[in-house]
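**Q** The lines below spell out each chain.
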Amino acid sequence: MRTIAEPVEGTEVRVTPSETPGIEVNGVPATLDAVEKADVRVDLANGARSFVVEHVLGPLGLRGITAANVVGVRDEWDFARPEHRFCYAAGLGPEHVVGHPAGLPNPALATALGEVEVVERDPQPRQTVSEPVTYAANGGEIELRPRERGAGVRFDVQYGDATITADVDPCGHTDEDLVESVTNATTPYLSPTEAEAVTHSIADLVSDVAVIGGFDDLAVDATLADAYHALTVGAARKAHETGVVEQRP
Amino acid sequence: MSLPDPETVVARARDTDPDTSDATANVAVTGRVDADAVDRTDEGYVGDTAGALGRLAAATAVDEDAAIHYPEPDFAADGPWLVLAPLSGFASTVSAGVGRADVTLDYDADADPHSDRLDALVSDLLEASRPTHEHYPVADDDSGVFTRGMTTFALDSLSVDDDLTATFELSTTPATRPSDVESRFASVERVRAVDYETVAGVERSDPSPALRDAVESAHRSERGDCEYDWLPDPGVFAAIPGGEKVAFGTGRPGEGEFAKTEFEACRDLLAAVLSAPEVVA
Numbered sequence: 001m002r003t004i005a006e007p008v009e010g011t012e013v014r015v016t017p018s019e020t021p022g023i024e025v026n027g028v029p030a031t032l033d034a035v036e037k038a039d040v041r042v043d044l045a046n047g048a049r050s051f052v053v054e055h056v057l058g059p060l061g062l063r064g065i066t067a068a069n070v071v072g073v074r075d076e077w078d079f080a081r082p083e084h085r086f087c088y089a090a091g092l093g094p095e096h097v098v099g100h101p102a103g104l105p106n107p108a109l110a111t112a113l114g115e116v117e118v119v120e121r122d123p124q125p126r127q128t129v130s131e132p133v134t135y136a137a138n139g140g141e142i143e144l145r146p147r148e149r150g151a152g153v154r155f156d157v158q159y160g161d162a163t164i165t166a167d168v169d170p171c172g173h174t175d176e177d178l179v180e181s182v183t184n185a186t187t188p189y190l191s192p193t194e195a196e197a198v199t200h201s202i203a204d205l206v207s208d209v210a211v212i213g214g215f216d217d218l219a220v221d222a223t224l225a226d227a228y229h230a231l232t233v234g235a236a237r238k239a240h241e242t243g244v245v246e247q248r249p
Numbered sequence: 250m251s252l253p254d255p256e257t258v259v260a261r262a263r264d265t266d267p268d269t270s271d272a273t274a275n276v277a278v279t280g281r282v283d284a285d286a287v288d289r290t291d292e293g294y295v296g297d298t299a300g301a302l303g304r305l306a307a308a309t310a311v312d313e314d315a316a317i318h319y320p321e322p323d324f325a326a327d328g329p330w331l332v333l334a335p336l337s338g339f340a341s342t343v344s345a346g347v348g349r350a351d352v353t354l355d356y357d358a359d360a361d362p363h364s365d366r367l368d369a370l371v372s373d374l375l376e377a378s379r380p381t382h383e384h385y386p387v388a389d390d391d392s393g394v395f396t397r398g399m400t401t402f403a404l405d406s407l408s409v410d411d412d413l414t415a416t417f418e419l420s421t422t423p424a425t426r427p428s429d430v431e432s433r434f435a436s437v438e439r440v441r442a443v444d445y446e447t448v449a450g451v452e453r454s455d456p457s458p459a460l461r462d463a464v465e466s467a468h469r470s471e472r473g474d475c476e477y478d479w480l481p482d483p484g485v486f487a488a489i490p491g492g493e494k495v496a497f498g499t500g501r502p503g504e505g506e507f508a509k510t511e512f513e514a515c516r517d518l519l520a521a522v523l524s525a526p527e528v529v530a
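Protein chains in written order, with our numbering: chain E, 1 to 249; chain B, 250 to 530.
Since the hints were derived computationally from the structure, they do not count as laboratory data.
Cβ atoms here follow ideal geometry from the backbone N, Cα and C, with glycine treated the same way.
Just the calculated beta-carbon pair ranges, DEER-fashion:
no. : chain 1 : residue 1 : chain 2 : residue 2 : range
1   : E       : A195      : B       : R263      : 57 to 65 angstroms
2   : E       : P29       : B       : L375      : 45 to 53 angstroms
3   : E       : G47       : B       : P320      : 34 to 42 angstroms
Pulled out of the complex, with its shape left as it was, chain E reads as follows (with noise of 0.2 angstroms):
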C-alpha cells in the first residue's frame, strides 16, 4: 500500500494517511459497496454521503496514493451548486460535497500529493481481469480487458469527437504533463470543448475503474456519452459480479 507522511490539503479537502490499505471518504470506503450514485457523479454513503468523490479519488490514483483517510473542509454553502442545495435539505453540512466548484479533479490536491512524501510498505496484490469485460449504459460503451502484471492502466477514450490515449501507474509515476492537464481539465457539463472533456474524463476512469474497482494492471476502451459514470462504475461492478476480477501477487 501507499500513503502520504504526512497530511496534505487541497480545495475542499484534506487528506491524512492511514495505516491500513484503501481510500476513506468522510469515513467512507471508496469501494463500489459503498457507491450511492453513479451518473453525473459519484456519490459514496454509508450512512453519511460524500458527494463529487471523483473529483478526490482521481488525483488520488494519478498519483498512485492507494491509503489515505479524506475528509471534506467546506465550511460555506454555494446553494447554485445541486450537492449544496441537496446537502443543506438533507441536514449535513456542505463538508460533505468534496467536489471541486469550478468542475476540475482538484489540481491543487495533486500538487500536493506530488510533493508530499510517499511510504510505501506492505505490498498488496494487483489486479486485472482474466477476460474482457464489455459493459453499455447511457449511450455510451466500455470493454475492460486484461493487461501484464505491472503495466499499469491503459485509457483509450473518445468523448464526442475527442480521443485521448492515457497511461495510469497505479504506483504514482504517471507522466507529470498528463496529471497537470488532465487535474486542470473541466467536467464534460461546464467544459468548452470536447477536447478538455476528454482530458478530464481520464481522472474520472481513474476514480471509477482504478480505485474504487480497484485495478492496478488493465486496458480500458471507452466511447462516453452523457452521465458516464453510470458506464464506468458499472462496468468495474460488471467485473466483479461475474467473477473475472484476478489478482496477482
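Starting from the known structure of chain E, arrange chain B on it as the hints suggest.
**A** Just chain B now, kept in the frame of chain E:
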C-alpha cells in the same frame, strides 16, 4: 390502469374528509388545480395545471389511507405532512423564498419623447438583474440546475411617474442579503434607491428521523436513490406549520404535460411512504 378523468380526480379529492379518516399522514398538493383546463390523453394529462392535477390524481389513487387536503389544507390537522410537488422524483425539505425589490431611477419622461432613454435604462436594469456565477453557465440555465439555489430577479412591473420605478420579484435563498440586492443595481446609472422587502422567507423543515427515513427508504425502493433538491417557491409547503413535513413528487415546474408514467411513479412513491410503519399520524 387508466388515468382518472380530471373531474373525477377533483371530486374524489373533495370527498375525502381528513377529519374522519384513519389516515397515517396528511397529504397536500402544491399549485393551483383547474380540472377544466386539463385534458386526459392515452399518454397522460395535458393543459394548464396538468402537473398539479396529475399529482392530485396520484394522491387519490393510493390504496393506503391518506388524509388528502383539497382544496384548502386544514393546517390544524395532527400528524406528518406529505406535500406532492413538481420535484422530478427528488425529495425536499426546503422551499426557496420570495422577495420584492423596487428600484427607483431618476427619469424625466418629458425629456425623453421617443422613450430612447427609458429603453436604455430598462436594458441596463435587466442586465444588472441577470444571474452570474464564477464557474457555472447560469445565463442559459433554463432548467434551474444552478439558478434554483441563487438569488434571481424577474421584472414584475415598470411605472413612470416623476421617476422610473422597476419592481422585481426575487427568488431568494438562505444566502440572500438585502445589502446584496441593493448593491446589485449600484452600477446602473441614475439609480436613486433600492427598496427590498422579504415577501416569504426560505422555509426549511426539520422532519423527525422516522419521517425522513420513511421518505428516503421509499425513494430508494422506488427510484434506486433518494436525492434532495429545493422547491422553487414556498406554496403550501411553507404554509404548513411545524417541521414535520417533507415534499416529493414527479413532474417539472410549469410544464403543461404530466405523463402517465409520472402519475404512476408519484402514486407508487406516495404509497411506499404511507406504507412505512414509521409514518403514523
